[in-house]
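Chains as they are written, first to last, in my numbering: chain A, 95 to 376; chain B, -9 to 148; chain C, 43 to 819.
No wet-lab data here; the hints were simulated from the structure.
Be a bit skeptical, because a hint or two may be false.
[Unchecked claim] The calculated BS3-like cross-link candidates involving lysine-lysine, where the alpha carbons are at most 30 angstroms apart (straight line), are:
1. 114(B) - 704(C)
2. 103(B) - 704(C)
3. 114(B) - 690(C)
4. 71(B) - 358(A)
5. 22(B) - 98(C)
6. 340(A) - 810(C)
7. 63(C) - 358(A)
8. 71(B) - 205(C)
9. 690(C) - 613(C)
10. 141(A) - 589(C)
11. 156(C) - 123(A)
12. 22(B) - 104(A)
13. 114(B) - 482(C)
14. 114(B) - 177(A)
15. 704(C) - 135(B)
16. 358(A) - 810(C)
17. 340(A) - 808(C)
18. 152(A) - 114(B)
19. 22(B) - 141(A)
20. 135(B) - 808(C)
21. 98(C) - 71(B)
22. 135(B) - 690(C)
23. 63(B) - 152(A)
24. 152(A) - 103(B)
25. 469(C) - 114(B)
26. 141(A) - 469(C)
27. 123(A) - 114(B)
28. 477(C) - 114(B)
29. 340(A) - 731(C)
30. 87(C) - 141(A)
31. 177(A) - 103(B)
32. 135(B) - 177(A)
[Claimed, not checked] To be clear about the criterion: a stretch of chain B counts as covered by chain C if any three or more of its residues have a C-beta under 8 angstroms from a C-beta of chain C, and this derived list gives those stretches:
33. 20 to 32
34. 36 to 47
35. 56 to 68
36. 87 to 101
37. 120 to 128
[Stated by the list, open to error] To give a feel for the contact side, a few chain C residues facing chain A, derived at Cβ under 8 angstroms:
38. 683
39. 746
40. 807
C-beta: ideal position from N, C-alpha, C; glycine also.
Here is what each chain is made of, one letter per residue.
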Amino acid sequence: MIPYDFAYFKASTAEEAVELYQSLREQGKQPVYYAGGTEIITLGRMKEVYTEAVIDIKGITECQTLQLEQNQLVMGAALPLTKLQEANLFPLLSQTISEIADHTARNKITLGGNLCGNIYYREAVLPLLIADTDVVIAGKSGRRRIPLNSIFDERPCLEDGELLTQLITQSDYLGLPYYSVKKRRQWDVGYPLITVTALKKEGKIRVSFSGVCLFPFRSERIEECLNDTRLNPDDRIERAIQHLPKPISNDVEGSPEYRLFVLKNTLLDVLQALEGETYAHN
Amino acid sequence: MHTTEITLEVNGETRSVTVRNADTLLYVLRDKLGLTGAKPGCLNGDCGTCTIDVDGNPMKSCLMLAVEVQEAKITTVEGLKYSSLQTEFVDKFAFQCGYCTPGFIMNANALIKQYPHANDMLIKEWLESNICRCTGYKEIEEAVKSALATAQTVLRQQ
Amino acid sequence: MTIGDSIFRKEALEKVTGTAKYTDDYHSPAMLHAKLIVSPHAHAKIKSIDILEAQKAPGVRAVVTGQAEFPLTGEEIHDRPPIAFGKVRYHGEPVAAVIADTLQLAKKAAELVKVTYESLPVVNSPSEALSTSAPLVHENLGQYEKIQHVFPEPNTNIADRIKIRKGNMEIGWQESEVTVETNFSFGPSDHAAMETRCATAEIRPDGHILISSSSQSPYMIKKLMSEYFDLEAGKIIVTTPLVGGAYGGKVPTQLEIIAYLASKAVGGRPVKVFNEREEDMITSPVHIGLEATVKLGSTRDGKLKAAKLFYTFDSGAYSDKGATISRAAAVSCTGPYFIENIWCDSLCVYTNHPYATAYRGFSHSEVLFAFERTMDVLAEKLGMDPFELREKNAILPGHTTPTEVDLNSSNVGNLPECLRKLKELMKWDEGRFIKINDRKVRAKGISCIWKTSTIDTNASSGVILTYNPDGSLNLLSGLVEIGTGTKTVLAQILAEKMKMDVSQIHVRMEVDTQTMPEHWKTVASRGTYMAGRAVQQAADDLIRQLKDMASRVLVCSPDELEVGYGKVIVKDDPTKSCMIADIAYGHKYPNGNAIGGQIMANGKFMFKHMTHLDRETGSGKPGPEWTVGAQGIEIEFDTRDFTYRILKAYSVIDVGKVLNYKGALGQVMGAMSMGIGFAGREAFIFDRKGKVLNPQLRTYVPPHYGEHPEYIVEFVETPHIDAPHGARGIGEHGLIGMPAALANVLSNAAGINLNQLPLVPELIWKIKTQGVQNDSV
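Sequences and hints are given; from them, build the entire structure.
See the structure below:
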């Protein structure tokens, strides 16, 4: 039960959505784009999210695109996670998504919503960060396509009123060797203690993290350390974790010290999975 | 402007109702349409007691606004009429207090329709979305697997 | 005919079609809605509450805040204001209720209520509560009204202390060649029934008060409301439809009082109070926490000689059932073993945590976690197999319990047989620690269980039977259908007695305290025993009346007749009979004369020979019989990550007699699942200020589908001769041994002593790597 009221608009194009946003903002309505809406509803219920106008973007065709053509995978921001998972065009993404919330909820949670929402895990972003994914953003001055990494700092940093419409990953990333694991406080359900995804491209491991800190991230320095095959895996990992952003999360899922313990073991698994022979020689 | 008159297609019937835009579908089903089969368990998407079927997919009706689903086909537990799944739930003692039962049934019903050959992993992935606090899940597992077997037999016969 | 059969529950079709109704499913346009404003602090003075803005908000009909003239409430100690007054004692405590036309308007206006607090030092655990410098949760503890058999200690945080003094401890320690002592602790957790609590109240112009509630205790609501507000009991009518899970959590009277006060504030109009999940988890009562020290002494060959037990229950801000839980813990303080010398202090203490109430097992899973874990510690020290130590000390007929009840072959089940079966099922002889590879091991652990009830000595249950014109029967019992299927079992008991088809028995599911005879409370795994005996007595009465009536029709003596199969039959000439349908509403002669009138019957039941516990020694008889059993868990443990999966969970329970096989199985497996959840993951996480950080089902996670193990459940049947068909209580028992069994198997697998809950990998990691342990083994 959301206690406050809001106006509901359904946009059929990105331009319309952006325009509506501008005019609603000018009227002081604190508008929000509404895709799956799961966070707006659940956080709204506790007034942790407030708005006087929601703009439903599910009717925008480009936000629903899911196609693999001209060597790129185009994913609409309003696609429900299960749809992406079932299509399985990007196995690392599918596997990572399959651990977010639960199956029924994933019928409603969207890709863009997971990336741009308030709940900080944003695990769907992890594969995209290491697969050099581009984002398409619609704004006042039209559309732009830029690398996700260039605007990602804890979250996608969009200008006020900008709408994330698509994510585009080059097809040569889709079939790369990968590793994705979500470790929880206990068993199979719940928020992550840590989630780690990794890809191996051109002999180098790329890795991204959620749950470790209060935001998801990818770090070049961590990757450098992990790829320094002159050292044995344990030493590489010891060095890598020196470069973790601070502070390490401390919440009901686990203490920072325990997270580090789990992270180290998980990184060992990443190296073992993606290095195979090299790892064994070390 | 904060309320909308909407038309919903629920259980094969067209229902017109005025709702607040901020009303969840769960609230509208229960309080405006008298369909109390979907239950409020957490209002937070965590427990699955409010699960219904929207266009063939299980959905948590506490996680959707009624204004969002105007063009969809909604089925609630009241719209299932003595399906083999319901019979199996009775037969296998797959519920005790019964509060989670409509949600489990609606979720499993969609699973059986979409994936009549679902394996253990897929069943787990889907049914993990609901909490049952009374049973130890074994009876639910038996009921769903038994209904899947029936669905497979029907498919073979076709 | 039907006893033992897996008869489908009577309300099954309602439940699978979504037509089964629970309290919140009843709704009328006239009904107003109350929204609670709850405390964000665990302990604070209420400096001021400003309700002016809220009162002016659209749709608001009243705002109720705590008042000096509101009665203090509580079943044993009247220590709880229905709405906080003066100060708040836990995070989540109600401080005001806004009543409005719709829930949304109430919720919106609730934000306008401005409460200013001055925070107070917090009592965040039982040991903190007992420290001499502890702040007092209740300054006026000495002045509270209370029942006779509870003994709060003024100017402390101790709400009650129960003592067991059996035998002679000095001799016990002298005879002990080996001793172990271990400390245990776990915090409060939750019942997490899928249906959150909900209550409605309406005050009619003629003074009748209509309350509807998702409760295990509708008759207690009636009694307490009458006491608290000096109301005529006959004018209070409580209805309880189907209840969506309870597990003890729906025993207390809480929202009903607020709903009544709210209705009173709006001139008697109906008002609904519905808990959202966050409120249900912390505002309403929770599952109790415990700190414990267990010291055991035994001979070198494993004969237990002495047990010294110190249990401190975290009752939270109010005592509610905390004192009774502490009492039940004392009654069963040792686990199902015969020990001559026992010293136990079981304390109910106040803290600034959400307040505790009954939880499935009623102190037994809690106390047995500590005791059964210590049994394994002792076995290890003795170099003895855990099974052997338990077999050696198993309680038997001829022994006495901690409260010195003499046991016989009826009032206690057969524990050695349960252990024998369990050992076989678990293939114990193949080893309890098996290495699978460099990282993984498979391990097994066990726990014994026992339980009796500790309900009011004069608790009673009544049943009324009426006929329909077709000869079918209506069964009216005040027992609440909380999911246990007990009302279906009652129909089975009646069908057996009347030799009729169970489908011909109509059981009223909803309870209405005005028209249905009282069943004290639907608790303590006592429904079948109490209401079942009442059914049997009512059926005897029915049979007597049928024979009397039929004797006139069949022209013979009533004792020459037999009732069954829808007829009353002449015993030595079965060709002569009359249909029950033809006499159930009197008999009409061909000339129009009629005799008899409708036949209806009633039955009642009350336990015999129950006593209170002696205040100094604890001796006394609290319950009629003990269910015993043995449980086990098998896991696969990862020695690198300290993670584990539960592969198999076992229960062998002496249930006396299985009345409904699948029903009994479901009770046991469901309870096991709940026990595994409690042991393995569920716990409130408090910050230093006593605030609960995880009052949602995504951060407080009960077991989900697919996390469940394979269940292996078997029954032993040693009849309890006083109970219907010899059946013992079974609703709670599957839960009781799970925490101890899990702690034992994990301690075995990880090679450390795990004496805290929940048993999350982080705990194992912490103890494994930092050796955080405070035992002196």
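Status of each hint after checking the structure:
1. At roughly 23 angstroms between alpha-carbon atoms, residue 114(B) and residue 704(C) fall within 30 angstroms of each other, so this suggested pair holds.
2. Our distance criterion of 30 angstroms between C-alpha atoms is met by residue 103(B) and residue 704(C), whose separation comes to about 28 angstroms.
3. Using a Cα cut-off of 30 angstroms, the hinted pair residue 114(B) and residue 690(C) holds, with the two alpha carbons roughly 18 angstroms apart.
4. Among the hinted pairs, residue 71(B) with residue 358(A) is inconsistent with the structure: their alpha-carbon atoms are about 53 angstroms apart, more than 30 angstroms.
5. Between residue 22(B) and residue 98(C) the alpha-carbon distance is near 27 angstroms, which keeps this suggested pair within the 30 angstroms criterion.
6. In summary, the hint linking residue 340(A) to residue 810(C) is supported, as the alpha carbons are separated by about 26 angstroms, within the 30 angstroms threshold.
7. The hinted pair formed by residue 63(C) and residue 358(A) fails the criterion: a straight-line CA distance of about 51 angstroms is larger than 30 angstroms.
8. A distance of roughly 58 angstroms separates the Cα atoms of residue 71(B) and residue 205(C); the hinted pair therefore is violated under the 30 angstroms criterion.
9. For the suggested pair residue 690(C) and residue 613(C), the alpha carbons sit about 53 angstroms apart, so the restraint of at most 30 angstroms is broken.
10. Distance restraint check for residue 141(A) and residue 589(C): the Cα-Cα separation of roughly 68 angstroms exceeds the 30 angstroms cut-off, and the hinted pair is therefore not satisfied.
11. For the given pair, residue 156(C) sits about 25 angstroms from residue 123(A) by alpha-carbon distance, which is consistent with the 30 angstroms threshold.
12. Distance check on the hinted pair: residue 22(B) and residue 104(A) sit about 23 angstroms apart at the alpha-carbon level, within 30 angstroms; holds.
13. For the suggested pair residue 114(B) and residue 482(C), the alpha carbons sit about 24 angstroms apart, so the restraint of at most 30 angstroms is met.
14. Simply put, residue 114(B) and residue 177(A) have alpha-carbon atoms about 18 angstroms apart, close enough for the 30 angstroms limit, and the pair holds.
15. This hinted pair checks out: residue 704(C) and residue 135(B) have alpha carbons roughly 18 angstroms apart, not beyond 30 angstroms.
16. A distance of roughly 17 angstroms separates the Cα atoms of residue 358(A) and residue 810(C); the hinted pair therefore holds under the 30 angstroms criterion.
17. Proximity of residue 340(A) to residue 808(C) is assessed by CA-CA distance (about 22 angstroms); at most 30 angstroms being required, the pair is judged to hold.
18. Between residue 152(A) and residue 114(B), the direct Cα distance comes to roughly 29 angstroms. Compliance with the 30 angstroms bound is thereby established for this hinted pair.
19. The suggested pairing of residue 22(B) with residue 141(A) holds, with an alpha-carbon distance near 24 angstroms, which does not exceed 30 angstroms.
20. A threshold of 30 angstroms between alpha carbons decides the hint, and for residue 135(B) with residue 808(C) the separation of about 40 angstroms lies outside it, so the pair is violated.
21. Simply put, residue 98(C) and residue 71(B) have alpha-carbon atoms about 48 angstroms apart, too far for the 30 angstroms limit, and the pair is violated.
22. With a C-alpha separation of about 20 angstroms, the suggested pairing of residue 135(B) with residue 690(C) holds against the 30 angstroms cut-off.
23. For the hint pairing residue 63(B) with residue 152(A), the CA-to-CA distance comes to about 17 angstroms; that is within 30 angstroms, so the pair holds.
24. Proposed proximity of residue 152(A) and residue 103(B) is supported: the alpha carbons are some 25 angstroms apart, at most 30 angstroms.
25. The hinted pair formed by residue 469(C) and residue 114(B) meets the criterion: a straight-line CA distance of about 29 angstroms does not exceed 30 angstroms.
26. For the proposed pair residue 141(A) and residue 469(C), the alpha carbon gap of about 55 angstroms is over 30 angstroms, so the pair is violated.
27. Taking the CA atoms of residue 123(A) and residue 114(B), the gap is about 42 angstroms. The hint is violated against a cut of 30 angstroms.
28. Using a Cα cut-off of 30 angstroms, the hinted pair residue 477(C) and residue 114(B) holds, with the two alpha carbons roughly 28 angstroms apart.
29. Proximity of residue 340(A) to residue 731(C) is assessed by CA-CA distance (about 25 angstroms); at most 30 angstroms being required, the pair is judged to hold.
30. Straight-line distance between C-alpha atoms of residue 87(C) and residue 141(A) comes to about 26 angstroms, which keeps the hinted pair within the 30 angstroms bound.
31. Taken as a hint, the residue 177(A) and residue 103(B) pair is honoured in the structure, with Cα atoms around 17 angstroms apart against an allowance of 30 angstroms.
32. Simply put, residue 135(B) and residue 177(A) have alpha-carbon atoms about 24 angstroms apart, close enough for the 30 angstroms limit, and the pair holds.
33. Remark: the region 20 to 32 of chain B is confirmed as covered by chain C, as 10 of its residues place a Cβ nearer than 8 angstroms to a Cβ of that chain, reaching the required three.
34. For a cut-off of 8 angstroms, the count of residues in the region 36 to 47 of chain B with a CB near a CB of chain C stands at 3, and the three-residue condition holds.
35. Coverage of the region 56 to 68 of chain B by chain C holds. Counting CB-CB distances below 8 angstroms, 3 residues qualify, and the rule asks for three or more.
36. Chain C is given as covering the region 87 to 101 of chain B, and this holds because 7 residues of the stretch bring a CB closer than 8 angstroms to a CB of that chain, at least three being needed.
37. Requiring three or more residues with a Cβ within less than 8 angstroms of a Cβ of chain C, the coverage given for the region 120 to 128 of chain B holds, as 9 such residues are present.
38. Annotation: residue 683(C) was flagged as interfacial toward chain A, and the flag holds, the nearest CB pair being 6 angstroms apart, inside 8 angstroms.
39. The interface hint given for residue 746(C) holds, since its Cβ lies 5 angstroms from the closest Cβ of chain A, which is under the 8 angstroms cut-off.
40. Annotation: residue 807(C) was flagged as interfacial toward chain A, and the flag holds, the nearest CB pair being 6 angstroms apart, inside 8 angstroms.
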